Amino acid sequence: MENSEKMFWTGLSPDEAREALVNKDKSMRDKQMTLKEAVSRFIKDGDNIGIGGFVNIRQPIAITHEMVRHGFKDLTLSFQSAGMAPDILGGAMMVRPEHFSIKRIELAYWAHEAYGLSPVWRYLAERALVEFEDWSNYNMSARFKAGAMGLPFIPTRGPLGGDIVKTSRTKVMDCPFTGRRIALLPASNPNVAILHVQAADMYGNCIIRGTDATCPELAMASAHTIVTCEQLVSHELVVSQPKDVMIPFAAVDAVVKVPFGAYPGACRRHYYFNGDHIREFHSLVAPVCKGGSMDGLKAWYDKHIFGVKEFEDYIEMFQSRQLIADQAAESFNCERLA
Amino acid sequence: MTDSKEAMSPSTDYTAQEIIVVAGAKVLEDDKIVFVGTGLPMVASLLAKRTHAPGLIPVFEAGAVGPPLRHGLPTSVGDSKTFTGASYVKGLNAAFELTQRGFADFGFIGGAEVDMFGNLNSTMIGDFPDGYQKPKVRLPGSGGASDMAASCERTILIVPHDKKKFNRKLNYITSPGHLDGTPDARYKAGMQGKGPYRLISTKGIFDFDEKTRRMRILYTFPGETIESIQAETGFELLVAPNVSEFAVPTVEEIRLIREEIDPAGVFVKRAAK
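Sequence order for the protein chains is A and B.
Last residue of the first sequence: 338 (our numbering), numbering continuous.
Last residue of the second sequence: 1273 (our numbering), numbering continuous.
I should point out that these hints are in silico values taken from the structure, not numbers from a laboratory.
For clarity, every value in this text was computed on a predicted model and none was experimentally measured.
Where a beta carbon is used, it is the ideal one built from N, C-alpha and C, also for glycine.
Some hints here could point you the wrong way.
[What the hints assert, rightly or not] When the alpha-carbon atoms are kept at most 27 Å apart in a straight line, the in silico DSSO-like pairs for lysine-lysine are as follows: (1) K73(A) x K171(A); (2) K171(A) x K1163(B); (3) K1211(B) x K290(A); (4) K1090(B) x K290(A); (5) K243(A) x K103(A); (6) K6(A) x K73(A); (7) K1188(B) x K1163(B); (8) K243(A) x K1194(B); (9) K1134(B) x K166(A).
[To be verified] If the Cβ cut is set under 10 Å, some of the chain B residues that face chain A in the computed set are: (10) G1055; (11) R1138; (12) G1143.
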């Protein structure tokens, strides 16, 4: 009992998540809208936002740009491993904290693998500008899964033995069946999942290629789901292979076609990473971490996000030669004819 | 193509990262499943597949099992290159579930610092627990490392050798190894697997003493001695009864790394000319 009094929920509690779904319009209707409309309709200040993708793969970058343009306060971000999506959101908080702010981050990893550490994460954490809760990749994935299963917690081995147990809401107990120690992790039911997928129909049935990351679990766990897709295809095409549908329409609230919606990250079958652009963004943040000027980073946001109407305008700033090369690299990765 | 005698001769210009890769490859066994993290472990696994372990099966945490990796080095564990030709393609939960279930024979993990029991930190440098919310240096975080530590059958640790990285006490334990070294510590904590099996640094290869679970020198890299390694370690190392010098990488091993596995120098940096 003492344990449950100390427990707190950072998105929806399991009961609230259930209630949200009970009251949700589950009809199979046309959910296409603009990104601007989707973001303003479904995201509110103080929400817990579940970020899809994995590191820089299939991250919902276009949605994060629109969130920054709109402006939100006191968000909680939940993800396993992420790169550019929290960079875009966190960088916005660095340049215009009165317009965009993050209160809390629940995560396993925020960096860029081959493209290095995230200077945005270092800036926010080392100055104590956000509160955070460390988990592992499996911990966060299992927490979304518990949310998707309609359960309040999930048992895992993951954090046992280390300090994650001490700095998170993990409960360690003796398993009632084996008597051995087992970790219990609280479910994560975000208010809104933001996801980018390869293809969807207008109802929100989604097809994912390459890694599923934890997108299906996130969509099923969250009260609302905003999906951007590379390709908007007919319902008949999507359901011609019904087992390819990774996210069912009833979990989705908004469908927006946004080609290059995960750029400069990668999206299987469509484009590979633009590592130079990721590094260029970081080169503007790194000096700020050392106490230098924010001007370069401000100018980046003004040019690429605040100064444009929509994500397509940002994509237009890249040379077509670059975009074609990134598409060609991905065709090579996929070993397929055009 | 070099002739086979020259190919098997010792390399004269290998780098510290390259010998780590060669050592990592040699620790792996054929026909086993290895859970591969980002960076040097990928290069080591590919080298093992090209040499003594063609039947090695890599698993990537984003959900790809057993890809042939014909299209070059993945820059991410969720990279498209890990999915083409893979035998089983899912997401993160599936990858970690199969590890938790016992399918991963080996797992590679790294960290910013390590202690004598093979516990690793990749979370923060600073005052813990009081300064957890305001670290001196904020590192990326666990990623999948703590899950691999808790569930792979045997883990291989890669940490560049430096007195500042080999510490008696860690700032934060992200990926638990042999915990405090007491018998059955992992089992009592609820963990699975035998824990740290080998540690590969820039100075040698280490195992963990069966009784005390303390780090022990097994092989010294060329140019190093037991004393020179101890001098760069922040705790007392044990020494295996028959420590030997690890063989210098061959010309062919270095050629494979430079020309075929990581020609762009994504993870294995080129020596300055």
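For each hint, the structure was consulted:
no.: 1; hint: K73(A) x K171(A); in the structure: 30 Å, violated
no.: 2; hint: K171(A) x K1163(B); in the structure: 35 Å, violated
no.: 3; hint: K1211(B) x K290(A); in the structure: 47 Å, violated
no.: 4; hint: K1090(B) x K290(A); in the structure: 41 Å, violated
no.: 5; hint: K243(A) x K103(A); in the structure: 38 Å, violated
no.: 6; hint: K6(A) x K73(A); in the structure: 26 Å, holds
no.: 7; hint: K1188(B) x K1163(B); in the structure: 31 Å, violated
no.: 8; hint: K243(A) x K1194(B); in the structure: 38 Å, violated
no.: 9; hint: K1134(B) x K166(A); in the structure: 16 Å, holds
no.: 10; hint: G1055; in the structure: 22 Å, violated
no.: 11; hint: R1138; in the structure: 4 Å, holds
no.: 12; hint: G1143; in the structure: 4 Å, holds
Hint violations for this structure: numbers 1, 2, 3, 4, 5, 7, 8 and 10, all remaining hints satisfied.
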